[in-house]
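Student: Following the hints, position chain B against chain A.
Protein sequence lines, in the order shown, are assigned to chains A and B.
This note's numbering puts the first residue of the first sequence at 1, with every later residue one more than the last.
This note's numbering puts the first residue of the second sequence at 1, with every later residue one more than the last.
Rather than coming from a laboratory, the hints here were simulated on the basis of the structure.
Heads up, some of the hints might be wrong.
Simulated pairs of lysine to any residue, SDA-like, Cα-Cα distance not exceeding 25 Å [what the hints assert, rightly or not]:
(1) K315/B <-> H111/A
(2) K252/B <-> D45/B
(3) K31/A <-> M213/A
(4) K315/B <-> Q110/A
(5) K88/B <-> S43/B
(6) K302/B <-> K31/A
(7) K302/B <-> Q93/A
(8) K302/B <-> Q92/A
(9) K220/B <-> K315/B
Calculated Cβ distances over 10 Å to all of chain B for the following chain A residues [unchecked claim]:
(10) R83
(11) R173
(12) V218
All values derive from a computational prediction rather than experimental measurement.
Think of the CB as a built atom: it goes at the ideal place given N, C-alpha and C, for glycine as much as any other residue.
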Amino acid sequence: MEKNNIITTMNLSKCYNGKTLVLDNLNIAIKKGEWANIMGPSGSGKTTLLNILSCLDRPTDGSVIINGTEVTRLSQDEMAAFRRENIGLVFQQYHLIPYLTALENVMLAQHFHSMVDEKEAKDTLELVGLGHRLDHIPAHLSGGEQQRVSIARALINQPAIILADEPTGNLDRANGKIILDLFKKLHKKGHTIVIVTHDPEIGTMGDRLIRLMDGRTVNEKVTAL
Amino acid sequence: MVSTLVNIALDLNGKVAKELRAFGANLVLLPDDIRENNGQLISMDEIDKLKDTGRINDVYGYAPYLYSIGKIEEQNVVIVGGQFENIKKISPWWKVEGSWNNDNSDESTIMVGNKVAAKLGYKIGDTVTLNIREETDKKESFTEKTDKTEKIPVDGISSASQSLNGDAAKRWPLNILSEMNQGKYTPKQFKLVGTVSTGGSEDNQVFIKLKEAQLLFGKKAQVNLVQISVLTNKNPIEITASQIEKQIPGTKTRILSQISKAEGNIQDKILFLMVLVTVLTLIGSGLSVMSTMTTTVLERRKEIGMMKAIGAQNKKIAAIFYAEAGAVGLIGGIAGYILGVLMAQIVGKSVFDTFIGFHLAVIPVTLVSTVLLALISSKIPVGQAVNIDPVITLRGE
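Here chain A stands alone, though its shape is the one from the complex (with noise of 0.2 Å):
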């Protein structure tokens, strides 16, 4: 094991109902300041893994070490506290609290972090082009604004690691290269991204793309900016 993976699954498995094989002694390691994409047809394994990866589903087998701690020994609530620590996440259906401004979406996460800083909040929301949408409710933000309020939640309290499920799954072309340009902005700052998608244009972005197919990875490659 790499001193400067901050990422690495070990013979990682996870199968549903004792019968469906999900994820097939998985070995996976990601370093520092890397973006890596996931890709593979639906069932391959691809949300699993980074649902394993986000400590929100732990493995049937195997182990995953992320910064350091090994993560499938914690319990929830240290699972919890490790998550908020170290991991941002970013979901395709963004999952901003809908009653909430923009503003409050990301101090949210503050408040569940440690303590608000208003204008840290600010700050991030300007860092992600949303400065002048700060008061705005999710539903009066386009698609593309909202995935950037998620994203900005999910820079919020600096953690080590972006993970993404989708993150363009739902944006026009448009909307989608604003957010493919913050993830490069993002990664150039040296933030360790790992995105999980079904696109093919964001497949050739990244340093690497790990391909899986029923559970193993297939064809892994290293990719250029």
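Tutor: Using the frame of chain A, we list chain B on its own:
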């Protein structure tokens, strides 16, 4: 509902106690030892002590009575001297056709029991000639003679009244009956102003004003007994009875225990009913809050899943929902208190014909109980919220 019931419950004993005073006197004040031949009367000056609320508590009203015997058209009758304003207060069930004797009038008026009026054919406005037995010797007074054979003057009066019903031989001492026929009588004319119907011994008696009776019977400022109506919501009647005996020397009290016990039972049962309704209301409200909170949790499961995904620990999720439930309980409590006070007034006015008092203690009781109820009822829904699996909810299942 809780606010309404607590407001009413706090006033209930007082209100019900006053309502129950319609049952009549529950205490009788008598001379200390009526068998001793020492006059056996109570001075009016002593009776005035019953008004001294600093020394004697919970006296709702009282009516002194002075009794004698007399004849109307050769029929033996019991003559009762009373204060009719007081009788009205402690014996509100008396039905008077015509008008009551006016305590303050100088006119000699009389009220007769409806059976006396029927038997003798009297109508309101007629002149009644009452032959009053002269008291030649104080030691041979009516009460004393009664007590030689019957210890209870109140019942004795009732028994005396039976003389008109033909069963005197059974209840009325023969020596008294014979003296009734042998004594010397002085006639006195009265104007009949009203007939009394109570369904009791009063139907066979005749009633004149106390002051006039005292004058005619030669018992100035004295009475045989005092009927007292005592409120029992604050203290047991025995305490009031003991205070009276202490404050009015030479007297003793007799508690009419059937009435007292009946009052106590009624108050206890009404209070029990109120507590039961309150508890059932709280249970119903609790189930309602639980149902609402469960619906809220189900509707917000994606939100809860997202919160967990961004790092919220279970205790923070629980704290959010408990805080919401507490806030709803508090707002509900404030609104409920205001509505409850209004409803209590409506209930008080319609049931007791009076408004329910404002009790500051109800405010914390209502607010604390609604907040606690909301928190306790939210326990199961909050447990559901805490157990939500973000993997499932964020996937949209």
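Student: Compare the structure with each hint and give your call.
Tutor: Each hint, compared with the structure:
{"no.": "1", "hint": "K315/B <-> H111/A", "verdict": "holds, 13 Å"}
{"no.": "2", "hint": "K252/B <-> D45/B", "verdict": "holds, 16 Å"}
{"no.": "3", "hint": "K31/A <-> M213/A", "verdict": "holds, 22 Å"}
{"no.": "4", "hint": "K315/B <-> Q110/A", "verdict": "holds, 16 Å"}
{"no.": "5", "hint": "K88/B <-> S43/B", "verdict": "holds, 22 Å"}
{"no.": "6", "hint": "K302/B <-> K31/A", "verdict": "violated, 32 Å"}
{"no.": "7", "hint": "K302/B <-> Q93/A", "verdict": "holds, 11 Å"}
{"no.": "8", "hint": "K302/B <-> Q92/A", "verdict": "holds, 13 Å"}
{"no.": "9", "hint": "K220/B <-> K315/B", "verdict": "violated, 84 Å"}
{"no.": "10", "hint": "R83", "verdict": "violated, 5 Å"}
{"no.": "11", "hint": "R173", "verdict": "holds, 24 Å"}
{"no.": "12", "hint": "V218", "verdict": "holds, 24 Å"}
The structure fails to meet hints 6, 9, 10 from the earlier list, while all remaining hints are met.
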